[in-house]
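Protein sequence lines, in the order shown, are assigned to chains A, B and C. Under UniProt numbering, read the first sequence as residues 1 to 247, first letter to last. Under UniProt numbering, read the second sequence as residues 1 to 313, first letter to last. Under UniProt numbering, read the third sequence as residues 1 to 951, first letter to last.
Worth flagging that the hints you see were computed from the coordinates, not collected in a lab. There's no promise every hint is true.
[What the hints assert, rightly or not] DSBU-like mimics (lysine-lysine), calculated; alpha carbons at most 35 Å apart, straight line:
(1) A:Lys158 x C:Lys601
(2) B:Lys216 x C:Lys913
(3) C:Lys663 x A:Lys158
(4) B:Lys216 x C:Lys204
(5) C:Lys40 x A:Lys13
(6) A:Lys12 x C:Lys204
(7) C:Lys22 x A:Lys158
(8) A:Lys158 x C:Lys40
(9) A:Lys158 x C:Lys204
(10) A:Lys158 x C:Lys664
(11) A:Lys243 x C:Lys380
(12) C:Lys109 x C:Lys740
[Unchecked claim] Just the calculated beta-carbon pair ranges, DEER-fashion:
(13) C:Glu772 x A:Val241: 41 to 51 Å
(14) C:Gly917 x B:Glu310: 23 to 33 Å
(15) C:Arg350 x A:Val241: 29 to 39 Å
(16) B:Glu310 x C:Trp97: 53 to 63 Å
(17) A:Gly54 x C:Gly630: 52 to 62 Å
[Claimed, not checked] Residues from chain B that keep clear of chain C, each with C-beta distances beyond 10 Å, as calculated:
(18) Ile7
(19) Gly38
(20) Phe39
(21) Ala60
(22) Gly63
(23) Gly106
(24) Phe108
(25) His142
(26) Ala170
(27) Ala176
(28) Phe213
(29) Leu231
(30) Ile238
(31) Arg245
(32) Leu266
We put the beta carbon where it would ideally sit given N, CA and C, even for glycine.
Below are the chains, spelled out letter by letter.
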Amino acid sequence: MTSLPTPPPGAKKLGLVIDLDTCVGCHACATNCKEWNTSGHMAPLPDRNPYSAGQEGVWFNRVHSYEAGEGEEGRTVHFPRSCLHCETPACVTVCPTGASYKRAEDGIVLVNTDICIGCQLCAWACPYGAREFDDDAGVMKKCTLCVDRIYNEHIPEKQRVPACVSTCPANARHFGDLGDPDSAVSKLVAERGGVALMPELGYQPVNRYLPPRRAPKPDAGPPRDPGPLPSQITNPLLRWVDKVLSR
Amino acid sequence: MNPAPSIIVFTVASGAGYGLLFWMGLLRPLGLVPSSAGFGALAVGIALLLIMLGLLSSTAHLGRPERAWRALSQWRSSWLSREGVAAVATFAPAGLFFVGVIGGGGAFTTLMGLLSAIGAAATVFCTGMIYASLKPIRQWHHPLVTPGYLLFGAFSGAVLLTLFAAFWGAAAVPAAIAAVLGAAAFILKRAYWSSVDAAPPVATMESATGLGFIGKVRPLDPPHTETNYLLREMAFRIGRVHAQRLRRIASLAGFAAPAVLLALALPFGGALGGIFAFAATGLALVGLLAERWLMFAEATHTVALYYGQEPRA
Amino acid sequence: MPADGGASDRIIYSAPVGDEVKTTTCYMCACRCGIRVHLKDGRVRYIEGNPDHPVNRGVLCGKGSAGIMTHYAPARLRAPLKRIGPRGSGEFAEISWDEAMEIATGWLKNVRETDPRKLAFFTGRDQSQSLTGFWAAQFGTPNFAAHGGFCSVNMAAGGLYTIGGSFWEFGEPDWEHARYLMLFGVAEDHDSNPIKTGLAALKKRGAKVVSVNPVRTGYSAVADEWVGIRPGTDGLFIMALIHELLRTDRVDGAFLVRYTNAPWLVVRNPGGADDGLFARDADGKPLAWDRARGAIAAETADLSPVLVGEFTLPDGRKAQPVFHLMAERYLGTEYAPEAVAERCGVSAERIRRLAAEVADIAFNHPLTLDIPWTDVWGRKHETLVGRPVAFHAMRGISAHSNGFHTCRALHILQMLLGAVDTPGSWRYKSPFPRPIPPGPGPAGKGAKPNTPLAGNILSFTHGPDDLLVEEDGTPIRIDHAFSWEAPLGLHGMMHTVIGNAAKGDPYRIDTLFMFMANMAWNSAMNPLDTIACLTAQDENGDYVIPHVIYSDAYFSETVPYADLILPDTTYLERWDCISILDRPIGSSHGPGDAIRRPVVKPDRDVRPFQEVLIELGARLGLPAFVKEDGSPRFKDYPDYIVNHQRMPGIGPLAGWRGEDGSKKGVGEPNPDQLQRYIENGCFWRHHLAPEESYFKHANATYLANAKAMGLIGKSDQIVLQIWSEPLQKFRLAAEGHGAKQPPEHLRERVRTYCDPLPFWYAPLEQQQHDTEPFPLSAVTQRPMAMYHSWGTMNAWLRQIHGANKLYMARARAEEMGLAQDDWVWVESRSGRVKAQLSLMEGVNRDTVWTWNAIGKRAGAWMLTPDAAEATRGFLLNHVISEWLPAQAGPRLANADPVTGQAAWYDLRVRVTKCAPGEEGVTDPLPTMLHPPPNMPEPPDILRYHAGGAKP
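Please put together the full structure from these sequences, using the hints given.
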């Protein structure tokens, strides 16, 4: 329902942890999400002008590329953006029909497309651009955290994760219960200093982004003799004349 | 934000309609407007017409207008739902008020008028709160937005009332109210603009991406090379020069000029006053449309940060 | 009570994904990942990575995951087509397969009966070269190649002539153990998913990743250090690293004397016919100078070689060890960091630091695995000790005219560090290593009517005698590969075929037969000139290239320029064989191969190309494709895959051979072989035992087993070649020795570039014209979401990359008064193209770049002519020439002088702002292409949905 649920004790906070340090920007998460979901719970994810000018479609996951910092000191960062399944999602509370709702049991934010009127106020209320309007069906759609995969008994247990996580070649996407401090994802967040996006807005996103790591300092050990300049020795080759090498 | 015509027409028309209804409900029992059935029918009728026109227009923004009735259900959390409930609830007393004013009125009509006025104020308040509650849009999430909606509705209603009353030669009170409200609206809008112009952005590309610790964040490539719903809807941008011109039109034509004209109409009255009221109405309409268009066009949504739009144009 | 959206939402938590799932192999690029294709009501519901597959282990990239849209694209050709209007008009008539095969057979029969060379058979991104090459040899034409010549032959040749393997698909970093990885010129490349997975693993372990690349995107983006080098100078940078290692004496002497030809003696006899060749004993074995025994066979187990000095051989000749010659060269001042810094755009201090870093990891942090193994001298070692410094390189260093020597230099750097196939370093992928160079010379001499050529058309030259040239030095091949213009042209030179055919250089051809090669657009250097060649007519109004046959699955830009179209299937509708004879899916863990099998039936009148080729072979009576009685030998492609034997017991697939399927590598055909592959997820993989996993070039166990499995012919040590004797043989010929010598106009070129030791030179095109007016290098790369697949017919991928911009360093652009999104002209010595500008931080300041092959010709790929690909997308190809700047003598390809590799990245340009009014649309903007008949009308909206939604 539109009012936020009071999660039962021990309720999960399912979400994604996205590693910006290893994401290479291949768009696998975006297209795999698209292919799963265009025949999934919120099917279809239509595409306008698919073979002409102005091609655009409904995507639950979009990969941006940014540069942070200047010149060689900076970094190029690929940045997948999808629903963060916030703890206090205004996209839910602004919904006039109850179509937009947050699940008490696992925290997934969904849209019931059967009752959505397509007013799009939820899209305005979402700071992260996670709402995707299907103007063909006239209803709002969004990332379902692959609710039709993660509990799917027809899928091998190891692969019961969102499609984006399952397919990511760079191991840059992790799925789990961020409400449980002992879960693998929570530990990863703690270890890597995972951040919430735009925390100042107070939506309390569940998803976390792991920042790019600082380059490891080369383990050069104690500085060695830089060696003579070629000009400082008459014939540098002479060094090897007496070197005894054998098999 | 994309200035969608359906929403601009909706808020301007229904704002004026509710304003007109509000003043009719309030001033009629006090005898400050003509109490004739003709005047009542005209004023309340036009008010209802504007409200319905506005609501009709708003459904053009819906993907599934046939399901619009569902919007009444979430009044406990959603200002949009509350607006719908308030609007629907206002129709009952307003309809009876309309019948009442035609039928000559009485205590019941007065009661219905007062309830209509309360309903009108509540509905416009909800409209304002829809916008004011949206944190990602700092120009809307502002303490002057809801007062603004109320004030602009009351002002435009008063202007219309003045115009109608002028035909009955009884425009003095509405004109005075409209002139005062116009002046107040002018001041409020200027205060609002200077406030939003000075306010810091609600978020930055650095906080939106969490990458600020590396340095300045710049977009390299968008996710898709063509446009999309989010960009069309929420990354609309207006040029600074264009915005300044529209601000002048909105504040001068929409509020200052009508206020002056209506103030001038007071001493003149008669045909000349009518002409002033007519001019004021026209100017206010143009100005309010410009104001509302700007309300959207100048609003920035945090999602635009992901596409590299600097927090300020 | 308010409506409760959650309570009324109908979620099916456990819907079956589809009705059935079939495994096969992806073909969206050259990575060859295993996929599971879920089908629902006969439609493709979902394609995912196969978790059991050794290549991708369940992951799947952006292209593979968009396979549905490639499979169902409206641009799929529907039926065989015969041209009925002028070439390029797009006027075609649909014909039956019978008629199509008769036409093709008629043309080809005539060619084969008269002069088989007049068939030029070139395939593009195809992965069945073991079949196509074999077919060409059976036909009897030397004019065959795939796209390697314009892709990465420098990488392949540089590696195969130096370490018997290569980066590319022939080797990979030891992802599990490397502590330091340096990437050179790696954009999205072979192998796409294993690199991604490997980088993640490496970074998780805290290893350092350094990327040397003019552009910081993709893998360079996740690197811990980005070295934004200027294109074409990687060789200088590498040689400066070598200089530093030698100068500071941080080289792995033990590795060099055991595993490389560093101790081998090179004859010093300037002007003599033996100068620069290895000193050999009576049995032809190379000699080394032993500290105690003087000149003895270098293979001697207890050799204690002297690495520097000049020695007098028993026959009185002077000789010096390879190490001496190498050290002398790279210690030269021209390779000092200070000397190269400005040219490379990398400071001398940084070069020194990077050299110190790799040396530190290699020598202060060796990696020891407690795995006993036995070397080729029969000595047992208790542990495997490695240098955990790995290198990987790809097109960025390969696609230059100095790329061959650059690639070789990188392998020498690896050898100096002792980092070839050791724990933590770069490792061979099975079936590599192979002898250096592998196999006999290329087939192609003496082409005769109705006669197959014996041997492989694309093979390895060992010296001038192996070249495919006439007595006077004229090339035998239409593309001039394996001629003096490209003595190591291992992969052919597809980029010259059409130009040479139109010019009749060295002769006119009759039929150009191409598969999956978009030569009228993005596969050509200079597409408009290529189109002019395809449409050129002689004085009688006949086409100069009389017949063009083209096979492709899609309406690409090349389709309108063919006379006969043989429509191919999509990758989900076909059998294929990722063969051990070709480019298999082996890894450092062991050899492997794979199949592709149909998971859906074609809904069009199309046939898989390989099947068509086999039928054509039978119709033409090619001996290997017909039985004794002249009837077809193979029923279809699967029949060929299972029953063809290249040599007794060796066929396209190595797994489950033998009548009962129990044999690996070598064994009789197994009628159930394909079924066994299908049961195993469509792949076969043999796992090497731990003791044969490293030092494969000198690992007795590995070499013996590899020989038994048919991967190599001999189990001898594969000695890594610092000094390349085959190159010296070409050089000697240029110096006037031997019967076969280069023609005069090429003599100096061969002498210069066939240097037995790598050296750096400015790219040829830059040497030969005034680069002053063209201050910027210009390069391209493929975006990950469209790598190795042109992709634009795919409705999802074209949303990601629908147009491309020209990227330039922000600081440089600001100096030039250029701003983000400005429209600019990009001009080179050969033309100009209009593009929109985008500014970035992570690009070398002297370099501009763009995504390749995003720009499309209006109308092609069933896109409407207003599509962004046609109006805002652009090809840098328009300003690249396939020929070097005008010069005396015959024209030469804009290519590496050793291998013929197309030098795409040697391009120099200037960028200027467009005049007002010129913005908005790219230029050149060739006329719109018209689709073939009966193509479907593309929809305005696509609602792809294959079940699984709410009831």
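Status of each hint after checking the structure:
1. Distance check on the hinted pair: Lys158 (chain A) and Lys601 (chain C) sit about 31 Å apart at the alpha-carbon level, within 35 Å; holds.
2. Distance hint between Lys216 (chain B) and Lys913 (chain C) is fulfilled; the C-alpha atoms sit about 27 Å from each other, no more than 35 Å.
3. For the hint pairing Lys663 (chain C) with Lys158 (chain A), the CA-to-CA distance comes to about 33 Å; that is within 35 Å, so the pair holds.
4. Distance check on the hinted pair: Lys216 (chain B) and Lys204 (chain C) sit about 26 Å apart at the alpha-carbon level, within 35 Å; holds.
5. For the hint pairing Lys40 (chain C) with Lys13 (chain A), the CA-to-CA distance comes to about 32 Å; that is within 35 Å, so the pair holds.
6. Between Lys12 (chain A) and Lys204 (chain C) the alpha-carbon distance is near 27 Å, which keeps this suggested pair within the 35 Å criterion.
7. A distance of roughly 19 Å separates the Cα atoms of Lys22 (chain C) and Lys158 (chain A); the hinted pair therefore holds under the 35 Å criterion.
8. About 23 Å separates the Cα atoms of Lys158 (chain A) and Lys40 (chain C), which keeps this hinted pair within 35 Å; it holds.
9. Simply put, Lys158 (chain A) and Lys204 (chain C) have alpha-carbon atoms about 21 Å apart, close enough for the 35 Å limit, and the pair holds.
10. For the hint pairing Lys158 (chain A) with Lys664 (chain C), the CA-to-CA distance comes to about 32 Å; that is within 35 Å, so the pair holds.
11. Annotation: proposed proximity of Lys243 (chain A) to Lys380 (chain C) holds, straight-line Cα distance about 25 Å (limit 35 Å).
12. Among the hinted pairs, Lys109 (chain C) with Lys740 (chain C) is consistent with the structure: their alpha-carbon atoms are about 34 Å apart, no more than 35 Å.
13. The hinted window of 41 to 51 Å between Glu772 (chain C) and Val241 (chain A) holds, with their beta carbons roughly 47 Å apart.
14. At about 29 Å, the CB distance of Gly917 (chain C) to Glu310 (chain B) agrees with the hint of 23 to 33 Å.
15. The hinted range of 29 to 39 Å is satisfied by Arg350 (chain C) and Val241 (chain A), whose Cβ atoms lie roughly 32 Å apart.
16. For Glu310 (chain B) and Trp97 (chain C), the hinted distance range of 53 to 63 Å is satisfied, since their beta carbons lie about 60 Å from each other.
17. Evaluation of the 52 to 62 Å hint for Gly54 (chain A) and Gly630 (chain C) yields a pass: the beta carbon distance comes to about 57 Å.
18. At roughly 24 Å from the closest C-beta of chain C, the C-beta of Ile7 (chain B) stays outside 10 Å, upholding its exclusion from the interface.
19. The Cβ of Gly38 (chain B) lies farther than 10 Å from every Cβ of chain C, with a closest approach of about 43 Å, so its non-interface assignment holds.
20. At roughly 41 Å from the closest C-beta of chain C, the C-beta of Phe39 (chain B) stays outside 10 Å, upholding its exclusion from the interface.
21. Every CB of chain C is more than 10 Å from the CB of Ala60 (chain B) (nearest about 21 Å), matching its label as outside the interface.
22. With a minimum CB-CB distance of about 15 Å to chain C, Gly63 (chain B) clears the 10 Å threshold, and the non-interface call stands.
23. Separation of Gly106 (chain B) from chain C is adequate, the least Cβ-Cβ distance of about 37 Å exceeding the 10 Å criterion.
24. The Cβ of Phe108 (chain B) lies farther than 10 Å from every Cβ of chain C, with a closest approach of about 32 Å, so its non-interface assignment holds.
25. Residue-level check passed: His142 (chain B) sits 29 Å from the nearest beta carbon of chain C, beyond 10 Å.
26. Separation of Ala170 (chain B) from chain C is adequate, the least Cβ-Cβ distance of about 46 Å exceeding the 10 Å criterion.
27. Every beta carbon of chain C lies more than 10 Å from that of Ala176 (chain B), the smallest distance being close to 44 Å; the non-interface claim holds.
28. Distance to chain C confirms Phe213 (chain B) as a non-interface residue, since its nearest Cβ pair spans about 16 Å, more than 10 Å.
29. Against chain C, the non-interface label of Leu231 (chain B) holds: every CB pair exceeds 10 Å, the least being about 13 Å.
30. Chain C leaves Ile238 (chain B) outside its interface by the beta-carbon criterion, the shortest separation being 18 Å against a cut-off of 10 Å.
31. Arg245 (chain B), annotated as away from the interface, keeps every beta carbon of chain C farther than 10 Å; the closest lies near 25 Å.
32. Every CB of chain C is more than 10 Å from the CB of Leu266 (chain B) (nearest about 49 Å), matching its label as outside the interface.
Going down the numbered hints, you'll see the structure goes against none, and every one checks out.
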